[in-house]
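Since chain A is already given, all that's left is putting chain B on it; use the hints.
In order, the protein sequence lines correspond to chains A and B.
For the record, in the first sequence the residue sitting at position 114 is 114 according to this note's numbering, with numbers rising by one throughout.
For the record, in the second sequence the residue sitting at position 287 is 287 according to this note's numbering, with numbers rising by one throughout.
Just to be clear, a hint being listed does not mean it is correct.
The list that follows gives simulated cross-link-like pairs (lysine to any residue, SDA-like), each with its CA atoms no further than 25 Å apart [as the list claims (entries may be wrong)]:
| id | chain 1 | residue 1 | chain 2 | residue 2 |
| --- | --- | --- | --- | --- |
| 1 | B | Lys328 | A | Glu146 |
| 2 | A | Lys193 | B | Leu4 |
| 3 | A | Lys141 | B | Glu231 |
| 4 | A | Lys136 | B | Pro329 |
| 5 | B | Lys67 | A | Ala131 |
| 6 | B | Lys67 | A | Ile122 |
| 7 | A | Lys141 | B | Asn330 |
| 8 | A | Lys193 | B | Pro91 |
| 9 | B | Lys328 | A | Ser148 |
| 10 | B | Lys67 | A | Asp120 |
| 11 | A | Lys141 | A | Val152 |
| 12 | A | Lys193 | B | Glu85 |
| 13 | A | Lys141 | B | Glu106 |
| 14 | A | Lys136 | B | Lys67 |
| 15 | B | Lys328 | A | Ala145 |
| 16 | B | Lys328 | A | Leu101 |
Covered stretches of chain B (chain A as the covering partner; in silico rule of three or more C-beta atoms under 8 Å from a C-beta of chain A) [what the hints assert, rightly or not]:
| id | segment |
| --- | --- |
| 17 | 19-32 |
| 18 | 75-84 |
No wet-lab data here; the hints were simulated from the structure.
Quantities reported herein were computed from a predicted structural model and do not represent experimental measurements.
Yeah, the Cβ is synthetic: ideal placement off N, Cα and C, and Gly gets one too.
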Amino acid sequence: MNAPAPIPVVEMRGLSTLIGDHFVHRNLDFRVEPGQIVGLVGGSGSGKTTLLRQIIGLLHPAAGSVSLFGRDLATAAAREQRAMLRRLGMLFQGGALFSALPVFDNIAFPLRELHCLDEDWIRRLVYLKLAMVELKPEHGKLMPAELSGGMVKRVALARALALEPELLLLDEPTAGLDPDRSRTFAELIRELKGELGLTVIMVTHDLDTLARLATHVAVLAEQRIVEFGPQEKIMAGDHPLVAAFRGGK
Amino acid sequence: MNPLPRLQVESGKVVLAGEWTLAALIPVLPELESGLDIAGLAEHSWDLTGVTRMDSAAAVLLWRAWKERWPGKLEISAVHRRVLERVVVSPLAASADVASSTNLVERIGYLVLLLISNFKGLVVIYGQMLLDLAYLARHPSEMPWREIAANIYKAGAMALPVTALVGFLIGVTISYLSALQLRSFGADVFIVNILGVSIIRELGPVLVAVLVAGRSGSSMTAQIGVMRVTEEIDALSAMGVSRSVRVVLPKLLALTVTMPLLVLWASAMALLGGMASALLQLGIPFAYFIENLQRAVPVANLVIGLGKGLVFGFTIAWVACHFGLRVKPNTESLSANTTTSVVTSITLVILIDAVFAIFTRSIGIPQL
Chain A
1 MNAPAPIPVV
11 EMRGLSTLIG
21 DHFVHRNLDF
31 RVEPGQIVGL
41 VGGSGSGKTT
51 LLRQIIGLLH
61 PAAGSVSLFG
71 RDLATAAARE
81 QRAMLRRLGM
91 LFQGGALFSA
101 LPVFDNIAFP
111 LRELHCLDED
121 WIRRLVYLKL
131 AMVELKPEHG
141 KLMPAELSGG
151 MVKRVALARA
161 LALEPELLLL
171 DEPTAGLDPD
181 RSRTFAELIR
191 ELKGELGLTV
201 IMVTHDLDTL
211 ARLATHVAVL
221 AEQRIVEFGP
231 QEKIMAGDHP
241 LVAAFRGGK
Chain B
1 MNPLPRLQVE
11 SGKVVLAGEW
21 TLAALIPVLP
31 ELESGLDIAG
41 LAEHSWDLTG
51 VTRMDSAAAV
61 LLWRAWKERW
71 PGKLEISAVH
81 RRVLERVVVS
91 PLAASADVAS
101 STNLVERIGY
111 LVLLLISNFK
121 GLVVIYGQML
131 LDLAYLARHP
141 SEMPWREIAA
151 NIYKAGAMAL
161 PVTALVGFLI
171 GVTISYLSAL
181 QLRSFGADVF
191 IVNILGVSII
201 RELGPVLVAV
211 LVAGRSGSSM
221 TAQIGVMRVT
231 EEIDALSAMG
241 VSRSVRVVLP
251 KLLALTVTMP
261 LLVLWASAMA
271 LLGGMASALL
281 QLGIPFAYFI
291 ENLQRAVPVA
301 NLVIGLGKGL
311 VFGFTIAWVA
321 CHFGLRVKPN
331 TESLSANTTT
341 SVVTSITLVI
351 LIDAVFAIFT
361 RSIGIPQL
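Chain A with its partners taken away, still in its complex shape (with noise of 0.2 Å):
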């Protein structure tokens, strides 16, 4: 694996980000390369949610630098940061579904947006992302309001997957789900990684599912990434955050 090197899904070098006048990151690097599933873990505020939306340029770096696909999203002209935003799926912690469409239309939304699907292959789509989440066509009719906070996990799960996307962010997907669910959860996932190759990013609280999906684990403290490696090796470490997490089991 030395020859020409794989460029990075995500890169983040020497990244700053200020909200107010309180530094979130401070001088982070991090680096996540194709096809790895990297945990994301660190207390409660330590600013991982901060480090998804500096990912997707919902805000942008007081310093330093973010790339992802290896070009600057902040550089880049709008066509193609709109490529580039397509090739990626992002599941919000609270879901973020569009509270006045139905569910159907949620996960058709993105698939409409790319004005060359015919209806027939939008509905069936939709329909295998629903069945993939464990969700029943009828679930299509319901409104997000309707629903109970795992099947908005799920929807929005299903959501971000629609576009086949190539770098999944994950923002805590198994709060409000059930162990099974989890497990399942992390499943489709794998499944779906030795399919498509697909690289994730998640911010998880749930050791189990860390254990069960990730091949790496991030740790987020004290402004930046103080720890980044193998999954068994960073989980058998004995940083005191991680010893914390596991303590927690």
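What follows is chain B alone, placed relative to chain A:
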């Protein structure tokens, strides 16, 4: 970078190769679809071993090209077969659209029921307000003074500049237009009567009501609506805090108190504008105008104007709270209810104004 998806037909065998993913498909979709249409017609054998990646969008495309049957002969890797199998077992729900009724009778019935339910909601808010007031009379310490003060500040003090500006400009305009007419009859001095009665009795209250409905009514509906969307109302109930005492009542009381004051303020500004215009247009001095105003406009007009302000203020807050509480937890419902709230309160204000006009027709009109 990515090898494009390719399709070749060689001696009765369809060979697919390259990257069969949604992102790679899109640029070459028209050619591929026509190629698949032709290939799908004949009973070819298919060779998919050259495919590097295949996602479910591509699998759906293939399955449709195969007319939802497995082709006779298929060479495919196990991983990609799994992707296809997932498409095959995926249920296709019949698209049972909810038929929205176009029947006229049903529609009218629906509208009548909607009207009744809105009326019921308004009555419930009114009744709850009376119960709350009775409760607060016995427990004065629980009076939500802070919320009332905050609402008075937002709906009243913050509205002073805009009501002053609009009032002044309307006063100038009416005075100017009336002056043109009056001068041709040589009835210059009657400008005082016209301005005095029309502004104090009619224009001031209605003008302020329309402004406040757009300004405070909409914000009240939106605020309560968002509290519904974000479950804040439920959180209040969970803490044992009455939503009617803490959220609805302060708005009702604050706007009822504030509106007459705003009417007074806006009417004064409108008269000031009218006076300025009368001075420039007809040469009527301020002192003469004010002196005549007392004679031309009986004080009953002021009472009627302020009374209207009181009723309008209550109506606007009442309607705003009602529609705010009707918001369902989605953005579409929020915007629809905010619109309905403003439209309904302005309509009601004008209706009530007409009723006022009928019942006060013999009061406060100077007999010449």
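Worksheet item: Quick one, are Lys193 (chain A) and Pro91 (chain B) close enough, alpha carbons at most 25 Å?
Response: Holds. Lys193 (chain A) to Pro91 (chain B) sits at ~23 Å (cutoff 25 Å).
Practice prompt. With a cut-off of 25 Å on the C-alpha distance, tell me whether Lys141 (chain A) and Glu231 (chain B) pass.
Written response: Judged against 25 Å, a Cα distance of about 23 Å means the pair holds.
Worksheet item: Does the alpha-carbon distance linking Lys193 (chain A) and Leu4 (chain B) stay inside the 25 Å limit?
Response: Satisfied, since the Cα-Cα distance of roughly 20 Å is no more than 25 Å.
Worksheet item: For the segment 75-84 of chain B, do three or more residues have a beta carbon lying closer than 8 Å to a beta carbon of chain A?
Response: holds (count 4)
Discussion item. With the threshold set at 25 Å, check whether the alpha-carbon distance from Lys136 (chain A) to Pro329 (chain B) stays at or below it.
Written reply: holds, 23 Å
Worksheet item: CA of Lys67 (chain B) to CA of Ala131 (chain A), is that 25 Å or under?
Response: This hinted pair holds, its Cα atoms lying about 21 Å apart.
Worksheet item: Has the given pair, Lys67 (chain B) with Ile122 (chain A), been kept, meaning a C-alpha gap of at most 25 Å?
Response: This hinted pair holds, its Cα atoms lying about 17 Å apart.
Item to complete: Could you grab the alpha-carbon distance between Lys141 (chain A) and Asn330 (chain B) and see if it respects the 25 Å cut-off?
Response: holds, 15 Å
Discussion item. Lys141 (chain A) and Glu106 (chain B) were given as a pair; does the straight-line alpha-carbon distance stay at or below 25 Å?
Written reply: Holds - the C-alpha atoms of Glu106 (chain B) and Lys141 (chain A) are around 23 Å apart, at most 25 Å.
Discussion item. Next pair to validate is Lys328 (chain B) with Ser148 (chain A); report whether the Cα-Cα distance is within 25 Å.
Written reply: holds, 16 Å
Fill in: Check of the segment 19-32 of chain B against chain A for coverage (Cβ-Cβ below 8 Å, three residues minimum)
holds (count 5)
Discussion item. For a C-alpha distance cap of 25 Å, please report whether Lys328 (chain B) and Ala145 (chain A) respect it.
Written reply: holds, 8 Å
Consistency with the previously given hints is maintained throughout, with no hint failing.
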